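Trainee: Next come the chains, spelled out residue by residue.
Protein chains: 2
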Amino acid sequence: MTDFRQSLEENAGAVTRALDRLLPASESPEARLMEAIRYSALGGGKRVRPFMVVAAARLFSVDESCAYRVAAAVEMIHCYSLVHDDLPAMDNDDLRRGQPACHIKFDEATAILAGDALLTKAFEVLGGEATHPDARVRCELVTELARAAGDEGMVGGQALDLMAEKVDLGVSEVTRLQRLKTGALIGFSCESGAILGKASKGARYALHAYAHDLGLAFQIIDDLLDEEGDEETVGKKTGKDKAAGKATFVSLLGVEQARTQADLLGDQAVEHLEIFEEKADPLRELARFVVNRRA
Amino acid sequence: MTDFRQSLEENAGAVTRALDRLLPASESPEARLMEAIRYSALGGGKRVRPFMVVAAARLFSVDESCAYRVAAAVEMIHCYSLVHDDLPAMDNDDLRRGQPACHIKFDEATAILAGDALLTKAFEVLGGEATHPDARVRCELVTELARAAGDEGMVGGQALDLMAEKVDLGVSEVTRLQRLKTGALIGFSCESGAILGKASKGARYALHAYAHDLGLAFQIIDDLLDEEGDEETVGKKTGKDKAAGKATFVSLLGVEQARTQADLLGDQAVEHLEIFEEKADPLRELARFVVNRRA
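Order-wise, the sequence lines are chains Z and H. Positions 0 to 294 (numbering that gives the first Met the number 0) are the ones given, in order, by the first sequence. Positions 0 to 294 (numbering that gives the first Met the number 0) are the ones given, in order, by the second sequence.
The hints are simulated quantities; they were obtained by calculation from the structure and are not laboratory data. Hints may be right or wrong, so weigh each one.
[Said to hold, decoys possible] Dumping the calculated DSS-like pairs for lysine-lysine here, alpha-carbon to alpha-carbon at most 25 Å:
# : chain 1 : residue 1 : chain 2 : residue 2
1 : Z       : LYS165    : Z       : LYS278
2 : H       : LYS200    : H       : LYS45
3 : Z       : LYS165    : H       : LYS45
4 : H       : LYS241    : H       : LYS165
5 : Z       : LYS104    : H       : LYS104
6 : Z       : LYS278    : Z       : LYS197
[Stated by the list, open to error] Computed footprint of chain H on chain Z; a stretch qualifies when at least three of its residues, placed anywhere within it, have a C-beta under 8 Å from a C-beta of chain H:
# : segment
7 : 20-29
8 : 80-93
9 : 159-171
Predicted model only: the values in this text are computed from it and were never measured. The C-beta atom is built at its ideal place from N, Cα and C for all residues, glycine as well.
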């Protein structure tokens with residue numbers, strides 16, 4: 000295992016422990032709800048977004064316990080979106096990270112509620128005093144995460160994605176879709192480090208630009224894995240977009256050009272980090288990892 | 000129309016205008032999502048919870064524009080919960096406020112996303128600077144609303160409610176269920192006025208106690224309307240709980256005792272307001288209205 004893979008895994012472990020503390024198992028009659036919440040949030044994953052939060056926060060020497068709370072909140076949002084996206088009325092996926100999706104393991108109603116609860120909990124965590132001593136910083140985290148996750152961000156992107164099965168989208172429209180659907184939360188993940196560190200506008204913009212390019216590269220690779228990957232390695236059903244006749248970067252650009260584009264975006268992302276010098280090496284390695292990942 | 004009904008309607012109009020400003024119609028390709036959000040949030044309703052926010056905030060001479068933002072955020076949470084509760088996998092209701100439920104008017108996927116977006120937007124509004132000049136107050140609003148709405152509040156209550164169809168609950172269990180499902184958000188609605196006004200612990204506790212009793216009275220009347228009301232007046236399907244064999248205050252106490260209990264709780268709620276003297280008259284009238292409502 001490379002050093003980077005090891006630090007990614009160590010970070011994932013720390014995030015899972017933070018989530019475990021913030022989402023304690025319940026003894027109450029509605030324990031099944033908390034079981035579904037924990038199943039959805041603690042079930043693994045590479046925790047790429049939380050890694051971004053923590054790596055960006057380190058650029059500004061932010062207290063680690065603050066950074067991990069924000070990382071956990073971001074992951075709660077990501078996990079809730081997966082639970083709701085997998086529902087029969089949405090993408091209708093039975094498999095997630097190689098395990099039964101939440102609505103299969105439990106039931107649809109419980110999956111809807113578990114998603115709602117995770118979404119709500121993310122804001123409870125960000126608003127809490129332990130997230131940052133300055134309440135203005137906490138408020139900015141709350142409003143920025145809400146913007147990234149809501150109708151002008153992730154949820155808006157998912158709405159567009161549902162339409163994408165019915166209309167023909169071009170490259171610029173798919174780009175906008177993905178900027179909303181996955182880019183906005185990736186953007187918050189990187190920028191939250193700057194918010195926590197009360198960083199300069201320049202530093203914040205650099206992280207924004209890095210996230211913007213890397214987010215698109217991330218999505219192109221996702222499309223390539225859907226096209227080329229096998230279910231066992233990827234941990235979810237593959238070939239779905241093609242079967243649904245959905246426009247993706249791969250269907251629009253072809254496999255080769257899509258890969259070239261992802262490489263280019265990865266390089267471009269890294270260039271934005273120059274002002275941070277070697278302190279940003281973990282974010283540079285993350286960019287390489289994202290572009291070269293096979294699952 | 001009584002003076003109180005008129006002031007309730009005026010307040011509902013002001014809340015709807017605030018929601019209209021906070022949820023502007025969209026020109027973007029995903030406009031259908033915003034249409035569903037606006038359909039669900041602007042479609043009327045008595046706006047009882049927002050009335051509580053504004054009436055409680057007036058006790059402490061809180062700036063009205065701040066109070067209406069919190070009122071709108073509370074209503075967003077209430078509306079999202081109705082949209083998700085009406086889904087086929089949950090209560091499977093086609094009718095809401097005499098109109099097609101969101102998933103009937105649009106589709107299930109759009110209804111899930113519209114609910115998610117409304118829930119998210121509530122926190123964006125609370126975190127925004129216009130909600131209160133003091134960021135600590137805004138953070139407290141965020142964390143308290145999240146607690147009231149999440150797994151230890153409204154969502155937890157809804158999870159219990161789904162179980163209630165399968166197990167026999169007694170009065171104390173139904174009381175706990177309703178305290179979570181409807182009581183927690185009603186509690187926040189009243190207490191948020193005290194948070195906005197940086198009120199004394201005593202004043203905040205009085206509002207908490209008022210909300211606690213009134214919330215239960217509210218639910219008992221809801222159960223009575225489900226038992227006795229007709230669909231046209233109530234604006235949603237009635238007789239559902241009985242058909243589902245679900246334990247309610249009415250099935251457990253009988254119609255007469257349930258009504259007596261609601262009256263008693265209404266009186267008890269009003270007693271907690273004594274320290275506010277005549278300034279709390281709108282909250283007293285609200286209690287009478289809640290107990291005597293027929294829809």
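Trainee: Does each hint hold? Answer for all of them.
Mentor: Okay, the hints, checked on the actual structure:
1. Taking the CA atoms of Z/LYS165 and Z/LYS278, the gap is about 45 Å. The hint is violated against a cut of 25 Å.
2. Distance restraint check for H/LYS200 and H/LYS45: the Cα-Cα separation of roughly 30 Å exceeds the 25 Å cut-off, and the hinted pair is therefore not satisfied.
3. With a CA separation close to 38 Å, the supplied pair Z/LYS165 and H/LYS45 exceeds the 25 Å bound.
4. This hinted pair checks out: H/LYS241 and H/LYS165 have alpha carbons roughly 13 Å apart, not beyond 25 Å.
5. Among the hinted pairs, Z/LYS104 with H/LYS104 is inconsistent with the structure: their alpha-carbon atoms are about 30 Å apart, more than 25 Å.
6. This hinted pair checks out: Z/LYS278 and Z/LYS197 have alpha carbons roughly 17 Å apart, not beyond 25 Å.
7. Against chain H, the segment 20-29 of chain Z contributes 4 residues with a C-beta closer than 8 Å to a partner C-beta. That satisfies the three-residue criterion, and the hint holds.
8. Using a Cβ-Cβ cut-off of 8 Å, 4 residues of the segment 80-93 of chain Z lie near chain H, which meets the minimum of three, so the contact claim holds.
9. Here's how the segment 159-171 of chain Z fares: 3 of its residues keep a CB closer than 8 Å to some CB of chain H, so the rule of at least three is met and the hint holds.
Comparing the model with each numbered hint stated earlier shows that hints 1, 2, 3, 5 do not hold.
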